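Make the complex out of the two chains shown on their own, each in a separate frame, by following the hints.
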Amino acid sequence: MTTPTTTPTSSAAATSGGPEAAPTPPRAGVTRRRMVRVGIPLLVLAVLAWLPYVPVEVPGLLPGRVNGPGSMQLLATCLVTAGLALGYDVLFGRTGLLSFGHALFVAAGSYLLTTTITAWGLPLPVAALVALGGTALLALVVGAVALRVGGIAFAMVTLAFAQAASIVVLRDPGGVTGGEEGHPFERGALPDLLVGVANAPYRYWLALGFVVVSVLVVTGLVHSRAGHAMAAVRENERRAAVLGLDTYRVRLLALVVGSTLGGLGGIVHALVLGGSTPHLTTSELTLSLLVMVVLGGAGSRWGALLGGFLYAYADARLTEASGSGMLTWLPEGVRSVVGQPLFVLGVFFIIVVSFAPTGLTGLGARLLRKAARP
Amino acid sequence: MSDLVLVLVTGLGLGALYLLAASGLSLVYGLMGVLNFAHGSFMTAGAYAAWLTADALPDGWSAGPRLLVSTVVAVVVGALVGLVVEVLLIRPLYRHHIQQVLVTVGLSLASVAAAQGVFGADPRPVEQPSWMGSTVTLLGANLPADRFLYVAVAALLLAGLLALLRYTRLGLVIRAGVENRTMVEALGIDVRRTFTVVFALGAGVAALAGVLYSQYAGTVSPGQGGSLLIYAFIVVVIGGMGSVTGTAVAAVAVGLVQQLANYYAASGVGDLSVVLLLALVLLLRPASLQGAPA
Chain A
235 MTTPTTTPTS SAAATSGGPE AAPTPPRAGV TRRRMVRVGI PLLVLAVLAW LPYVPVEVPG
295 LLPGRVNGPG SMQLLATCLV TAGLALGYDV LFGRTGLLSF GHALFVAAGS YLLTTTITAW
355 GLPLPVAALV ALGGTALLAL VVGAVALRVG GIAFAMVTLA FAQAASIVVL RDPGGVTGGE
415 EGHPFERGAL PDLLVGVANA PYRYWLALGF VVVSVLVVTG LVHSRAGHAM AAVRENERRA
475 AVLGLDTYRV RLLALVVGST LGGLGGIVHA LVLGGSTPHL TTSELTLSLL VMVVLGGAGS
535 RWGALLGGFL YAYADARLTE ASGSGMLTWL PEGVRSVVGQ PLFVLGVFFI IVVSFAPTGL
595 TGLGARLLRK AARP
Chain B
14 MSDLVLVLVT GLGLGALYLL AASGLSLVYG LMGVLNFAHG SFMTAGAYAA WLTADALPDG
74 WSAGPRLLVS TVVAVVVGAL VGLVVEVLLI RPLYRHHIQQ VLVTVGLSLA SVAAAQGVFG
134 ADPRPVEQPS WMGSTVTLLG ANLPADRFLY VAVAALLLAG LLALLRYTRL GLVIRAGVEN
194 RTMVEALGID VRRTFTVVFA LGAGVAALAG VLYSQYAGTV SPGQGGSLLI YAFIVVVIGG
254 MGSVTGTAVA AVAVGLVQQL ANYYAASGVG DLSVVLLLAL VLLLRPASLQ GAPA
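In order, the protein sequences belong to chains A and B. Each residue of the first sequence is one higher than the one before, starting from 235 at the first, in the working numbering. Each residue of the second sequence is one higher than the one before, starting from 14 at the first, in the working numbering.
Bound-form chain B, shown alone (with noise of 0.2 Å):
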């Protein structure tokens, strides 16, 4: 029963992991096209940017308050990057999907390269708040209290996320240009102004999931964000791109199915049902592809 309930709530955490890394891609998906392989980029920058940040806060500071400032740095550090990258690279080839693609395999091969050339290729250790690195006991099962916090940002984000697609007049023509691009536009809306906000959210909350990544990892390292894209894609087109709430679901089913595997049939069994999961899905469900309502 206790190993059950450890699992549960490590499944859990790793969902709520793979929510943040996927709800921006998703957003970005289904309302740009854009399959963005930068996105791993982004997490990374984020990891970084959080790593220096409370490297270079002085030394009085505890360290909760220091990953929460580090965090915030990190996230409008994230969505400066995503802006640039947006306005530079993406918007000149906008409705030339392939080599929007390949712009962003570029971009992410360049990025992780040049984190490897600044950082190094070896993983740095990141400071945790003590509290994070103890256990909670809870029907019988020790379990590791840094889990709760990833579900509770996870659950925070997706309920601003989705006041924000259901109240506010930015959710209004995102909701609308993931159903019908070429009617927003032909209603007078400047849908491109739209991609860049949710193209430099969507790096925001990248950055903000490649943080705690490295939290949960306890290092910050140059590949981590690749890593994590893998399972943000596997999420986010098991979810149906550009939908918020099949994000999330998809997330929490991933990270169960994948520690639930792991644990009761053989390590790395996890891994490759995800995986294969992923493919029965698109095979039985190609339309989860073209964009659910959000």
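This is chain A alone, in the form it adopts within the complex (with noise of 0.2 Å):
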């Protein structure tokens, strides 16, 4: 590893032409480009937004009716992974950053939330800002000392501190964190409209709302100087310092805002479950965001959602799907093997970084470029 490669997936992406990638269109092109490409997500906004009025059954694909309370809770845990995964997207997607500790960073910004509640008594909206601020300090933090190394080494340094953390977290120092057992909030401790079976849409808004910030911060920071000079950076590290950009201030921001978005994430999670979970610090969670980002396609705001509202939803429903009798035509053995979501999930994933390096997304904008042209 002497010579800098760029990462596959980032020369995919630029070969493929991404959204900011495309040449400039004619005039008329241009507002008809950015009606599709404001309106389109605004529609899916107000589609998901208006979800919670929705008391149709969707046999087969959600547990109950749409804004039964099940249905609202899967999809609100479904929209809270998709987030997270857009915010680790701006690691490794926008900037070419491969990190095994994200996981640090969503689970600070969950540990952070009920310690402060729960020890300190603040409310919410102050405690979510402890939260926020206390992680992206530690994103600040974390991020100089660890990105004085590249590559892997990156990665196992940012593996060793998110380790670190869940070791902590499972020791239960002081009785602070809760073990394995994870730290529920108290009865009370939150707003009521947070709180019990019936408030499930609330809840699921906030998941939205929590989409929407991440989105919005992600739109502005690619389009802004920073994020050219991330992309620079993915593209070709020693090309973009030769042109003058302090690579590495540009790699501790992209780090900063992700690992925030990943606290707000985790600050989410907690208010979406309940509490938090040591599931949170594992290693398995930033995998399986990086899992979602290839899956749904790196350096893509859609693939990084669509990948990550996928993977949640399959995990999920992957195991009824297998207690349902809808696999009983299978041999028993196989079938105990099938029913295992993260078997589905892993195949599924080996199969798309094999043939699919653009993820799903750019699999889909393939498919349409090809049906465009006669």
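No lab work stands behind these hints: they were computed from the structure. Here the structure is a predicted model, which means the values were calculated and not measured. For glycine and all other residues, C-beta sits at the position ideal for the given N, C-alpha and C. Heads up, a few of these hints could be off.
Unchecked claim - Here's a subset of chain B near chain A, in silico, CB distances under 8 Å, partners left out:
1. L96
2. V97
3. V100
4. P105
5. L106
6. I111
7. L120
8. G130
9. V131
10. Y277
11. G281
12. D284
13. L285
14. L289
15. L296
Stated by the list, open to error - Covered stretches of chain A (in silico footprint by chain B; criterion: 3 or more residues with CB under 8 Å from a CB of chain B, positions within the stretch not fixed):
16. 372-385
17. 393-401
18. 586-597
Structure representation (structure tokens):
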């Protein structure tokens, strides 16, 4: 590894012409293109925001009615995961940083929120701000240290930091983190709107709000000077440095922004699920975020969101699908393996990495272009 | 005094397990540049293969031969799995390092889930020869006997690997490949075949580590390989990727530090200090990742 190699995902994104890389079209096309680019996300947002008013059953796809508490909770979890994947993509897809420690920041947001509320009795908005600020500070410190090295070494250093945090959380120092049991909110610690089965739609809107904030932040970042610098670092760091960019600061900025979004996700995750779980600290979370981003398509907002959403959905629903008798035609041994969501997702991931390196969105775009061409 | 001896011997035993788990990982990274997250899967595969074999062997056998035969079967199974994985998944992505890492990540997720589906998520007890559960009295300390087995196996493996690297043609190619892969290719040597052999070898050693780790834990479970893998990574990075001797030194150091800190400070401090040691080594000596001479 002596020569700098551009990551395959990034070079693929560049050649396939991601939304940011498209050449400027003629003037009449600009407004139409902009309308499509702003209109479609707004339409999707409107539909998603309206879902809690839809009393329809979608058998097979969702548990019970769409606005039932089961479906709302499931969709809220999917949305939080989608937002987390988007935050991780700022590092991996946009800047080419392979971090194995993203779980550290998600867990930091979650645990800082639960502990400040329980231990200090802070009101929720203040606690959320403290948790977010704490996560950003942690990201700044960890990033400043870890970014002194690059490539695989960076991945290992971040893994080490996250693993250290995971050990601390599991050992439960002073009874703060709750060890393996996690740290649930106490009764009355949260506003009534966020508690209870009947209020699932509010938690769903909260998760949707997190996704919207993440998309806005990432969009703003990508179109800023810093965003272009991040893309330059991803494509060829040495060249970016020769052009006069301070690549260390660019990478640090990407890490802090991505990790702070991760911390925000951790906060929302804690609110949606009613507490912190030690699962958030494990390297499996980071690995699954990586899987989501690559599945959906690295370096693309739709890709990361779609990957995260589908991953969380499949993770939750495949277990039920295997239990509900949909797979009874398979022999027992095969059924028990196929019924494991992570097995299906893992195999699917290997196939995507091997045959569709631009992910699902890249594949979709390629098919669309093929269809558009006569 | 007896406490110290006990802690030192258990630390050495743990270091021996780390060495077994890390040596294959180190060779594969040093030669091929593949950070193999599926290495834990090979360990788990070996552990389950040994468990199944021990179950299938006739009841008349005593536990010792059973363990021996099932270990041999496990190593063969591990090497075969490694061979298949290299040929089917790693080789097509030659020179795409990030994607190779991603494929092994997917493999590790899928294999843990598959093991859960087939054998269940609960740990299954493994059969242990009675002498391994007994203790040996040395310098006034009662030492668990199985630790000596791990140390002996690790020492044999280390000697074998070093001999392989030093005295065989394959070893020559590996040493040259770790140092400068492009040059070896330019000299007309088929490095790809060497990759396959080394990958299968590493997987076989990983399976051996998996069997011994399941003996150490007393059970076999789907997530076992993954939990050992983290420490194997730490050992490999501290020891210098691709260096077998460095890996051995690092494995012993990590095992001892972990046990000493866990015993004399507080439970958990050892695990933490080892992880922070990794960060420290990487930050102070980032070159340790670039592959030292094997």
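Here is how each hint holds up against the structure:
The closest approach between the C-beta of L96/B and any C-beta of chain A is roughly 17 Å, which is over the 8 Å cut-off, so the hint fails. Restraint check, V97/B versus chain A: the minimum CB separation of about 13 Å is more than 8 Å; hint violated. Hint on V100/B is violated. Least Cβ distance to chain A is approximately 13 Å, over the 8 Å limit. For P105/B, the shortest C-beta to C-beta distance to chain A is roughly 6 Å, which falls under 8 Å, so the interface hint holds.
Evaluation of the L106/B hint against chain A yields a held restraint, the C-beta minimum of about 7 Å falling below 8 Å. With its C-beta approaching chain A no nearer than about 5 Å, I111/B sits inside the 8 Å limit, and its interface hint holds. Look at L120/B: its Cβ gets to within about 6 Å of chain A, closer than 8 Å, so that hint holds up. Hint on G130/B holds. Least Cβ distance to chain A is approximately 4 Å, under the 8 Å limit.
Residue-level restraint check for V131/B holds (minimum Cβ-Cβ distance to chain A is 6 Å; threshold 8 Å). A distance limit of 8 Å between C-beta atoms decides the matter here; for Y277/B the minimum to chain A is near 16 Å, and the interface restraint is violated. Against a cut-off of 8 Å between C-beta atoms, the interface hint on G281/B holds, since the closest Cβ of chain A lies about 4 Å away. Checking D284/B against chain A: minimum C-beta separation of about 5 Å stays under 8 Å; hint holds.
Interface hint at L285/B: satisfied, since its Cβ lies 5 Å from the closest Cβ of chain A, which is below the 8 Å cut-off. For L289/B, the suggested interface contact is upheld, since its CB lies about 6 Å from the closest CB of chain A, less than 8 Å. A hinted interface residue such as L296/B counts as satisfied when its beta carbon comes closer than 8 Å to some beta carbon of chain A; here the least separation is about 6 Å, so the hint holds. Interface restraint, the region 372-385 of chain A with chain B: holds (5 residues with C-beta to C-beta distance below 8 Å; minimum three).
Counting residues of the region 393-401 of chain A whose CB lies closer than 8 Å to any CB of chain B gives 6, so the stated coverage by that chain holds, three being the minimum. Check on the region 586-597 of chain A: 3 of its residues sit with their Cβ under 8 Å from a Cβ of chain B, so the three-residue criterion for coverage holds.
In this structure, the hints that do not hold are numbers 1, 2, 3, 10, in rising order.
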